Amino acid sequence: MQQQPVGLVLGTIDAEPLEFWVGVEKGQYLQLDDVVYVDTQIPTGETVTIYGVVDKVCSRYEGTRFDSDVFLVTEGVLPAGVVTVAHVSVTRVGVDKEVFVPPMPGQPVYRALGEKRDQALFFDAMGRRFPAGLSRDGQVVWADLDFLDGTKGAHVNIAGTSGVATKTSYACFLLYSLFHHPNTQDEMKGATAVIFNVKGEDLLFLDLRNERLTSEHSKMYERMGLPVGPFSRVKIWAPPRPGWFGILADADTRQEGVTPYCWTLREFCQERLLRFLFAEAEDESFISYAVQVAERYLQRETESQPKDQAWVKLGDKRITAFDELVEHLSQQGQMFQDARISTATREAFYRRLWASVETVGHLIRGDLHPDEVEKYRMDVWDNKVNVISITKLHDRAKRFVVGVVLKQLLEEKDRRGQRLPLLFVVLDELNKYAPRDGRSPIKEVVLDIAERGRSLGIILIGAQQTASEVERRVLANSSFRVAGRLDVVEAERSEYGFLLSVGQRRATILKPGTLFLFQPQIPLPILARFPMPAWATRPEEAQRPSAYDRVRDEAQI
Amino acid sequence: MRGIRIKPHPWAQPYEGVVAEEEEEEGPNKVFVDPQVEVPREKWAPRSPQEPPDGLEAIFVDGVRRIDVGVAEDDGGTLYWGMFGSYGVGAVVCRQGQAQVIEEVVERCLIMGGDRIPQQLDIPCGSGLLRYEGVSLSSNQPPEIRGHLQKLMLQREGSLVSRLGKEEGGLIVIDGPLTSRVAKGVPVIGYVKTHHRSYLDEELFKVALRLSLGTRTPLFQIQGADPGDKDGVDRLSCYVRVSEPVPGHHAIGGIVRLEMWQVVGREVAARLADWATTILPRLASASHWDVRAPVNLYPVAALERELRHRLGDHYWVRRAILQFLQRG
Numbered sequence: 001m002q003q004q005p006v007g008l009v010l011g012t013i014d015a016e017p018l019e020f021w022v023g024v025e026k027g028q029y030l031q032l033d034d035v036v037y038v039d040t041q042i043p044t045g046e047t048v049t050i051y052g053v054v055d056k057v058c059s060r061y062e063g064t065r066f067d068s069d070v071f072l073v074t075e076g077v078l079p080a081g082v083v084t085v086a087h088v089s090v091t092r093v094g095v096d097k098e099v100f101v102p103p104m105p106g107q108p109v110y111r112a113l114g115e116k117r118d119q120a121l122f123f124d125a126m127g128r129r130f131p132a133g134l135s136r137d138g139q140v141v142w143a144d145l146d147f148l149d150g151t152k153g154a155h156v157n158i159a160g161t162s163g164v165a166t167k168t169s170y171a172c173f174l175l176y177s178l179f180h181h182p183n184t185q186d187e188m189k190g191a192t193a194v195i196f197n198v199k200g201e202d203l204l205f206l207d208l209r210n211e212r213l214t215s216e217h218s219k220m221y222e223r224m225g226l227p228v229g230p231f232s233r234v235k236i237w238a239p240p241r242p243g244w245f246g247i248l249a250d251a252d253t254r255q256e257g258v259t260p261y262c263w264t265l266r267e268f269c270q271e272r273l274l275r276f277l278f279a280e281a282e283d284e285s286f287i288s289y290a291v292q293v294a295e296r297y298l299q300r301e302t303e304s305q306p307k308d309q310a311w312v313k314l315g316d317k318r319i320t321a322f323d324e325l326v327e328h329l330s331q332q333g334q335m336f337q338d339a340r341i342s343t344a345t346r347e348a349f350y351r352r353l354w355a356s357v358e359t360v361g362h363l364i365r366g367d368l369h370p371d372e373v374e375k376y377r378m379d380v381w382d383n384k385v386n387v388i389s390i391t392k393l394h395d396r397a398k399r400f401v402v403g404v405v406l407k408q409l410l411e412e413k414d415r416r417g418q419r420l421p422l423l424f425v426v427l428d429e430l431n432k433y434a435p436r437d438g439r440s441p442i443k444e445v446v447l448d449i450a451e452r453g454r455s456l457g458i459i460l461i462g463a464q465q466t467a468s469e470v471e472r473r474v475l476a477n478s479s480f481r482v483a484g485r486l487d488v489v490e491a492e493r494s495e496y497g498f499l500l501s502v503g504q505r506r507a508t509i510l511k512p513g514t515l516f517l518f519q520p521q522i523p524l525p526i527l528a529r530f531p532m533p534a535w536a537t538r539p540e541e542a543q544r545p546s547a548y549d550r551v552r553d554e555a556q557i
Numbered sequence: 558m559r560g561i562r563i564k565p566h567p568w569a570q571p572y573e574g575v576v577a578e579e580e581e582e583e584g585p586n587k588v589f590v591d592p593q594v595e596v597p598r599e600k601w602a603p604r605s606p607q608e609p610p611d612g613l614e615a616i617f618v619d620g621v622r623r624i625d626v627g628v629a630e631d632d633g634g635t636l637y638w639g640m641f642g643s644y645g646v647g648a649v650v651c652r653q654g655q656a657q658v659i660e661e662v663v664e665r666c667l668i669m670g671g672d673r674i675p676q677q678l679d680i681p682c683g684s685g686l687l688r689y690e691g692v693s694l695s696s697n698q699p700p701e702i703r704g705h706l707q708k709l710m711l712q713r714e715g716s717l718v719s720r721l722g723k724e725e726g727g728l729i730v731i732d733g734p735l736t737s738r739v740a741k742g743v744p745v746i747g748y749v750k751t752h753h754r755s756y757l758d759e760e761l762f763k764v765a766l767r768l769s770l771g772t773r774t775p776l777f778q779i780q781g782a783d784p785g786d787k788d789g790v791d792r793l794s795c796y797v798r799v800s801e802p803v804p805g806h807h808a809i810g811g812i813v814r815l816e817m818w819q820v821v822g823r824e825v826a827a828r829l830a831d832w833a834t835t836i837l838p839r840l841a842s843a844s845h846w847d848v849r850a851p852v853n854l855y856p857v858a859a860l861e862r863e864l865r866h867r868l869g870d871h872y873w874v875r876r877a878i879l880q881f882l883q884r885g
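Protein chains in written order, with this note's numbering: chain R, 1 to 557; chain W, 558 to 885.
Do not take every clue at face value.
Claimed, not checked - Label-pair distances were calculated between CB atoms; the ranges are: (1) Leu32/R to Asp870/W: 32 to 42 Å; (2) Gly683/W to Arg136/R: 33 to 43 Å; (3) Tyr29/R to Leu766/W: 29 to 39 Å; (4) Phe66/R to Gly683/W: 54 to 64 Å; (5) Ser89/R to Asp870/W: 23 to 33 Å; (6) Gly683/W to Pro182/R: 34 to 44 Å; (7) Gln607/W to Arg136/R: 29 to 39 Å; (8) Ser89/R to Asp611/W: 41 to 51 Å; (9) Glu801/W to Phe66/R: 13 to 23 Å; (10) Asp611/W to Asp39/R: 44 to 54 Å; (11) Ser89/R to Ser684/W: 21 to 31 Å; (12) Thr47/R to Gln676/W: 18 to 28 Å.
By construction, these hints were calculated from the structure, which means they are not laboratory data. It should be emphasised that the depicted structure is a prediction, and the values quoted were computed from it without experimental measurement. All C-beta atoms in this analysis are idealised placements derived from N, C-alpha and C, irrespective of residue type, glycine included.
Extracted from the complex, chain W is given alone in its bound form (with noise of 0.2 Å):
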């Protein structure tokens, strides 16, 4: 292992160890909504899906990620940036009566930025080997290098997702919205918690705030929101309630936004829509199971820590990096 100049730096201390989840990013600001895409806008009220067909599959997609250890390299006295990161990206699949992770990958990269061309690694750990990959990226700023293992993450979520949607027949939701990492045309569901940017005018969100468990608003579109995408895909997206909010808490609780790229077609993401409207109150999670209960939907949580736990103890692997950097 000669020539490795790369030594441990904790540059990523804060972030070593944290394991994300995916950071929902809604996109830009400036969007322009169309309501009117199902229904006029004066006719816009809840609307009540009817059941979907028996033994419909929902599969849920997620990925996590965690910095294992931030390195510096040194060469002639320029310091290049770089981290172990590792992550895992799974699939769980609810049927009536059983629900059944039928996925996970976990993979490890080594990062360096300022275009160093890291060497892959086997670093040994306990009874078995952890494959690094070498990763190079042009930057050398440590946000990005950061942001890096969240693309590398984001990407390998989109393959599954592409590959499912081929392979299965189901209603496919992933976490989070819907970005260029997921093929345009794939009928795919992207599951939306949060609410920081609004879409719909003071009056239209009314009708959100006003819907009942398993109903949704009309879909509405949104025009080239995908901040990756210079082309600008347009987005199908409807608001749905998937729980009742908690007593005290805002009635937005329990509301969630789900995404449709409009290429699927308006009929297709109906019909996902109202899959989704009916399905999901079923998978919301209880407020003492997980803190970002209700709208964390159950299956989701469990492969998150599945995922997690598949990643390795990081105190356990942070000590291998550590000892074979040592080593050199």
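The shape of chain R in the complex, shown without the other chains (with noise of 0.2 Å):
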């Protein structure tokens, strides 16, 4: 059951082996993205098959002269031929040898379909592999399992102008994906995924099911073989309320079922947290000495202190709020001064660790009680996946939040010293944490991630508006770089080269929920499509709107 050539190749332009041009037949059509094969014989007797993707799609008159014969020909005065020709970017030579020929003029080009696709794609040489989306042609795209794990790469980067359901939303699918799909979700029995909810609260619902999901996009779901529902096992963390006397969730559209997350005082003097409260990139290195002097002396100061305490005794002083461990603070200058910190530089710490009293100090607790102190602990490992919102916090205390999960979560899976169970931490506004230019200890910690991620086993889904303000290392080490929607001059920077000149324009039309892919083994970024969240973003999606709504009620009291 040979099926009809789509078109043949050209012997107008040359055909070369990595690219070559095809004459659409009459009653055939290619459109962008769609995936073709052309066999062709070398002298030894062997068929070398050559595959590609569309790229270019062009149709003009033939027989024509001048651009104004277009009107000639409509009214029926000239006759002229129409043609319609592709062009290949050529993805795969052979399957098991590669014999780098052209295809020669006149050969029959085929659509590839089923085993022929897979090979086109590469997907016949992915041994683990999961779904990344579908192509418009409502076939899957699969992923490499081996370039996600550690196994061979790691860590996926995702660019996108934000509101384009883009880039969370793809990162939980991913997730999801690789938590659902039979492929992998025995491998991802053990994993962890921390997700920061930095804008918005849409992240909260994960555990919810979204019951205006439309059948559309249920069925995309089902042709990728996942299941329809929300997540599993999902932990939400937010900020306590400051300013509130107990401790209770900050979240506007949700209370049921989040917990809050704080730190202790006695955490933030041993493990030396004071960094993270300076951790915009422009903060001058000479304060981060002055901060590493402080450090220092609060962890001295609480070495021996029982872990199960959370204030914090300085000198022979109970301190039992933030605040007053910046007064007890400001009140050691002769220690600036023993390390020789001029007094300009001492003011300016002084000064930024006042300001971050007001922000950040409702994180910092030393007024728990020990079972709240256990209670309030951001233990992530046992749950599937973490979404820690950080949406209602000050600028300041979001990178502090960021900076001291990521460095405890790194820590943590160095003592283990196992690449396994894996560990996903999806953080978006990347350029606000790994920013090109400057240093500051959250871009020290996500570089660290990014470099030694993949033997540590924790994999950074990382998102941004515009990669060209990202940490260039970051994006190195990411395998695979997803573009989704990019604004006109972000998609002409050397950032998005992967995408090839035609996808760096087609990047700027591209719709909501779809993205250009890009992995190792494919030389050429893929077009795909993943549905709307299966999980409630919203309160109104979410399964049970009238309980929830009372539970909402009831918190607002």
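With the hints as a guide, bring both chains together as one complex.
Take a look at the structure:
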């Protein structure tokens, strides 16, 4: 059952081993992203199959000379032929043996379906694969787990303008696919994901089914062999409300099932977390020296204090609140003098420290009972998915939380010394946490994850609007590069070279839920669509709206 | 391929590769013209026909030819001349909104003079074979051998016109004057672009020069004017303006002459002339498009180009023939 060719290799334009043109047969069509192949014979008698993806299609008149001839042709005055040609970028030459010869003019070109398509896109060579979306013709686009879990590579970087449902939505979709697809779910049994909810509160409902998912999108899940539903074993973390007497999670749209998180003053001192209050990249290096001096002081002073205690004893004073700690540090001028830190630097250090009392103070507590210390300690390992909301926090506090969480996770993984179980970290706004220019303690942690995460088993799924503003080494260490819709100017930057010039132009008009996926094995970016979340992203989408409303109303009394 | 003694010879070189369209031969100078077949002489004036019926199709038939390689054959000291030639004949149909090439035939022949009987040759050329039919001619004069290629082409045109005249119901226009190639009685128009000889006296020709766009002169009869036809077959003719003259050019620019067989009847001829008068101005080419603009019509110019293309690249074909003759 040989299928009809879609066209023939052109002879009027050079056919090359890596690209060629196809004259499209009458009654057939080729569109962008179609996968095709052509068999060519070499003198040894072997047949070499050349696979490729259509990345340009043109049609034009033949037999006309001037642009204005179009009017004559449509009036029925001038006879002209119409021809459609398609440009094919070659993805693969041969399956077992690579022979880089061009296809011959006149050879028939076929649509690659089934096994041929898998070969064209190297899906056949992926030992452990999971769905990364659907092509526009509804076929599964596979991703190679070897390049994600650290075996051969790791990390994902996603770029895209905000509000076009690409970055965190796609990051969550990838996790969902990994955790739920029959090919990978067993391997992912022990894995844990930490997702930072940076903006809005759309990620606080990962554990609730999206009741408004249309059947079209449900079918997309089914086509990929995925169940339709929410994540399981989700823990939602939110910071405590500032200025509130007790500890109550600070989230606008959800209270039920949200756990507050905070750190104790003792942890703050013993684990040297002070630096994360000075995490803006523009902070001058001489301040960081003052920070080190202060950190060393706090660590030394609190060294032997017991683990279940939230407060600290500094000198002979029991300190139970962050502002008291700052107050105490303000009185340790001698410490800086001994370290030969200038008065100006010291003053700058104090100014910033005082500024953080208002914004970060409620996250660093000394007023907790030992039970509460245990309850609000962010322990992510027992959950499949952890969503950490930082959306309500001041910018300085956001950096503090991201920095501290990443540092603690990295230390924990270092201590365990094993790659498995895997830890996935989803972090948006990478340009803020790992900017291209400058140094900061958070950037160091992110870089550490990017560079050592592959062997440590920490997989960074990073996202940002503009990859051009993100540290190059973070991008370079990402095996998977994803681009959703991009700003016109941004799309032209070299960071998106993997899209090739056609893709760079197309990236500016991508629809929501559509993106280009580049992975190491395939030399071209593949266009993929992914479905709307099967989990809720707003209270209205959640399964039990009335129950939810009730809980919210109660919480807001 | 033993036994081929023909060799390339440059006698035809000035003509080789030149793709010639039909040469318009307007017949002998002495012809008798009767201008009163449609209206009396004193009523001669431009006529504005009505629009033709909707959906009327106009079909244009034309041909091109080319000498591929000139050859000579030496038989015991006598030289015989000949040539490899190619010609193409085709038709375009113009409907409202669509013009389309409906017929394209390319034929190739090896013509030998002096009653030599050349064999049919299949000459390998690239991925295919070019078949040259053997054609024998009694004359051994190069001009007549050249002329024979045109004759073959005209015959092919004629048979195409006869066939189309039976199948299609529209207006059929053949490029050039009507000659013996076109069967008598076929309702077809010969489209004559040149005005090398005059059919009307001065007074009546003034009427022709006064024509405005989309008008024609009354019909006049040309008696027994076919040079190739011993019997002489009468034709009906008229002048039509298909385009305004180019500024600065003579007023004759933009005027063509149409010919129809008289045997189709005056009524039919007048109707064909009326249709052509209204349709042709739409098809007249713009001056930047064709050197013979405006009277060379768009569909005809495009057809000629298409046919020329179909003859194949001359240097490519020529090389194949030379190679073939050399290897014998």
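Hint-by-hint comparison with the structure:
no., hint, result
1, Leu32/R to Asp870/W: 32 to 42 Å, "34 Å, holds"
2, Gly683/W to Arg136/R: 33 to 43 Å, "39 Å, holds"
3, Tyr29/R to Leu766/W: 29 to 39 Å, "54 Å, violated"
4, Phe66/R to Gly683/W: 54 to 64 Å, "31 Å, violated"
5, Ser89/R to Asp870/W: 23 to 33 Å, "31 Å, holds"
6, Gly683/W to Pro182/R: 34 to 44 Å, "55 Å, violated"
7, Gln607/W to Arg136/R: 29 to 39 Å, "54 Å, violated"
8, Ser89/R to Asp611/W: 41 to 51 Å, "49 Å, holds"
9, Glu801/W to Phe66/R: 13 to 23 Å, "20 Å, holds"
10, Asp611/W to Asp39/R: 44 to 54 Å, "51 Å, holds"
11, Ser89/R to Ser684/W: 21 to 31 Å, "27 Å, holds"
12, Thr47/R to Gln676/W: 18 to 28 Å, "40 Å, violated"
Hint violations for this structure: numbers 3, 4, 6, 7 and 12, all remaining hints satisfied.
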